[in-house]
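Peer 1: Listed here are the chains, written in short residue letters.
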Amino acid sequence: MTRTGRIVTYTALILGALITLFPYYWLVVMASNTTADIYASPPTWTFGGQFFHNIAQVFARIDFFGSLLNTLIVAIVTTLLVLFFDSLAAFTFAKYRFPGSNVLFGIVLATFVVPTQLSAIPQFTIMAHLGWVGDLKALIIPAAANAFGIFWMRQYAQTAVPDELLEAARMDGCGFFRTYLTIALPVLRPALAFLGIFTFVNAWNDYLWPLVVLVDSNHVTLQVALSQLNGIYVKDYSVVMAGTLVAIVPLIIVFLFGARHFIRNIAAGALKG
Amino acid sequence: MATLTRVPDPVRSRAPRQRKRWKYLPHYLAVSPFFVLFAVFGLYPVLYSLFLAMQRWDGVGPMKFVGLSNFQFLVADPTFWDAMGNTLIIWVLSTIPMTALALLIAVGLHSSIRFKGVFRVAYFLPNVTSVVAMSLVFGSIFSSEFGILNWFFGLVGIDPVSWLTDPWAIRVAISIMIVWRWVGYNAIIFLAGLQALPTDVYEAARVDGAGPVRTFLRITLPLLRPVLLFSVVMSAISGLQIFTESQVLLGNRGGPDEAGLTMVLYFYDQSFVHSDFGYGAAIAWGIFVVVVLFAILNWRLIQRPGFLKAGR
Amino acid sequence: MTLTRRSFLTAAGLGVAALGSAASCTSPTTANPGRLTLWYTNGGVADQVVADARQRFGSLFPSQVSGSLKQRLMAAMAGEAYLPDITMLGDDIATYFADTAHFADLNALGAQSVASQYLPWKWQAGTGPDGFQLGFPIDIGPAALYYRADLFAQAGFPSEPDEVAAAVSTWDDYFVFGARLQEKLPGRHLITDTKTVYTYSLAQEPQKYFDRQNHYLGDAPQIRRAWDRALTAFHKGLTGGYAGSQDPGQSVERHAAWNSGKELSFVNASWIVTDLKKSAPETAGKWRVCRSPGGAGNQGGSFLAITKACPNPDQAFEVIRWLLSPENQPRAYLDAGLFPSSPAALEDPRLHEPEPFFGGQVTMTVLSQSAREVKPAYFSPWDIALSDAYTDELTNVELAGKDPGQAWDDARRAVERLLTRQGVL
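If you're matching them up, the sequences are chains W, D and G in order. For the record, in the first sequence the residue sitting at position 30 is 16 according to the numbering used here, with numbers rising by one throughout. For the record, in the second sequence the residue sitting at position 297 is 1022 according to the numbering used here, with numbers rising by one throughout. For the record, in the third sequence the residue sitting at position 291 is 292 according to the numbering used here, with numbers rising by one throughout.
Simulated from the structure, these hints should not be mistaken for lab results. These figures come from a predicted structure and were not determined experimentally. One or more of the hints may lead you astray.
What the simulated footprint calls covered on chain G by chain D, stretch by stretch (three residues with Cβ under 8 Å from a Cβ of chain D suffice, anywhere in the stretch; the number is not a length) [said to hold, decoys possible]:
#, region
1, 93 to 107
2, 385 to 397
Simulated pairs of lysine to aspartate or glutamate, DMTMM-like, Cα-Cα distance not exceeding 25 Å [said to hold, decoys possible]:
#, chain 1, residue 1, chain 2, residue 2
3, D, K748, W, D49
4, D, K789, G, D100
5, G, K185, G, E161
Glycine residues also receive a C-beta, built at the ideal position from the N, C-alpha and C atoms.
Just chain W, with the same shape it has in the complex (with noise of 0.2 Å):
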């Protein structure tokens, strides 16, 4: 590469990279400074020193490290959920034909465009029904039932499961299961790296499900704990900003721990697609 298309191609990501974590910075400054800076005329754009007395006010306000760790159970469980039922339902789709395998899948796929939100109501009432209101069974298990997660992994393991192995395999008298397990795991793992990744931040974000669905105040979720620093009549926003701060960087730090691993697996399952 030439000197020029260096300096070109730094540049333009650099500069990129800096508009694109600006609403960060913006994010602290909001987060250190008092509510009426934030609403001055014209308001302040540097740090303020107000950060550790809001921060200690989130912690005062609301049960943090209670809803933490809940949000925490939750997002590991179901991405465990998700990456076993949806990886052998996606591989079962991907390499085997069986009566009805068609419909099924032509289910799943209907199953994307229903918007989330209409079920709140009856899904509440299943709960009822189950006696898991209040519980996180009820934020966990109808996540397990990902039809997204079905259709990327079987695009990929469609081109990534070589029918030779799989062949092979029947030969020497292996069982559906025994497969799944010690051949298409294995070969699956990127999609699952991605998929995993890919539930846990919605399984972390998710708001109005549990919002509904979680009815003791002391038992909640991160996000929901968070809007429980939103007032009714005043919102006092210095301090909401620094919770959603808190909340972030939990995210921020498994992420970046997984991240090359998953950012190179990533590649390859939207590639088979």
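Based on these hints, arrange chains D and G on the given structure of chain W.
Peer 2: Just chains D and G, lined up with the frame of chain W:
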């Protein structure tokens, strides 16, 4: 599997059929967890919403059966058509720049530069942040008087834009939020595509003396078609369901002239703010129809022969 | 992330276990059996008072719900499970009149004996059809005119509350006053937006969209009056165009206008003061309050109700009565800005201290007057939707340059469509 020449042995003739049924048992078992969960938590709400769409219900009192009248209202409802238009406009305004930028970023990251990891994290970060959380930040950025965007415009001599009150500016503002959120995600997908391209084609092109731009247009893009189209189709399905960005920036009505009112926001407004659950359910089904049609349109485009083949 | 087979089998085990434990129990109808669950929005009931109530009533279990309390309540009512025993209801309480079967009639629990302790119009607002007492008043939102006395004085205009009240006793006077004021102070606006004018004009009328028998009043003069007033304000250039300032995305402009003095005055219910103090502390001492042009009106305010799921309604009523008693309401005002709904509370000397934020004025004098003078108007279940239809079109005229005649027609048509769909028309 029993052939005609074999004498039908009672035990034998039963076995092949059993074996056939048994043969598929693991497959059904494998897909059943999803379908069981879906039947309970996915199908029932969907059927319930269909039932609900034929009722008049405010969430509190008794339900009243009204047949198809909600759907009749929907078809004649100018607000719904506006919402559909808005959704499509926002989709176009966001998907095209997003795809182009994602492509450019991917090309940049694919080249021989350092700190790739840092860039990738930076660009992907918006995708893992919740939109609700960033709403005030964007409200501040888009502020007519004090927002940084208008400050920047002032620097270069452009008039300030009323991002949150002018109808077209509203749509652009929402699109900017969407682009911000999804560029990194798609860039990484494209990057993957680029990394998997065969290098010998590039060797040949270089030997032939093709410059970087020509190489990009004539070779890279066509080879990336499948990945590109996958990205477009996925964003078609999710993009038509934009809701949070509009709601947090402009409230439940979508702002002046309802410029930011998307279909799902209209559904939310009718169901949960105005407690007209029957009509809300009808709107949800209207959305379903629109998205399915749009998705089929895109799918047809992909299936067209020649699209999946690499370029000339 | 190493995804081993073991982790998958664990997940499978978890999944099966979870599904297995599912089938057994059904949910209790009440949220926390054995205790009295109270649902309220953050800031809707004074925290201190709630804390004291917990001391006094051991079985009380308060639960703060963020903004979407209504959605959660509806889900609970639809599923007939996990209902709170006591719940807060907003000023859209009329939407619950349709099915009072979900709630307990407070009259049956002795509410009549305390009814006289509360402002009659507010008590009436919580009364459903056939005299079913659904809601117990928490707070109200008496409207008043808040203005920047320093800027008025700077421009050589009257700035003391009594003088200003006399000068702007009607909306027309207010507009004339404002036009002259804006000439002296260019770049600033007298009024927030057309939505405010419309809302607070309508709040002053004895009738809104429906009569008490839920008959639609159709093309009523008060609607046209409020509409025309809002448009007049717009055409005279008095409005600042801050519509939508309650949403986070758009709140920046308006709050900045408070700080910079771009917003010279606004008519609003009293609950805005907490926000004002928090967002614009630098302007302390510069604001005053006086009677709103056109007189008294109310906007907002909440109630507490007891649901049918409550196993011990008498106990629940005791809690409500204590929480919202005239003795406790002054504290709620001082701590949380919840304007008392009880006349006795309004007389409490603690509320009649001079307030530094308002330059030493005793704002309670003006506000309590407004509170007492509110005309008892009927607030139907469809009022909010109808008001939204009109104010949306007003916003279109104000911010999107729509033709006013067209806007009026569109608003009417939207209203008709809505009411036909709801089966009212």
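Peer 1: Of all the hints numbered above, which does this structure not satisfy? Sort the numbers upward.
Peer 2: 3
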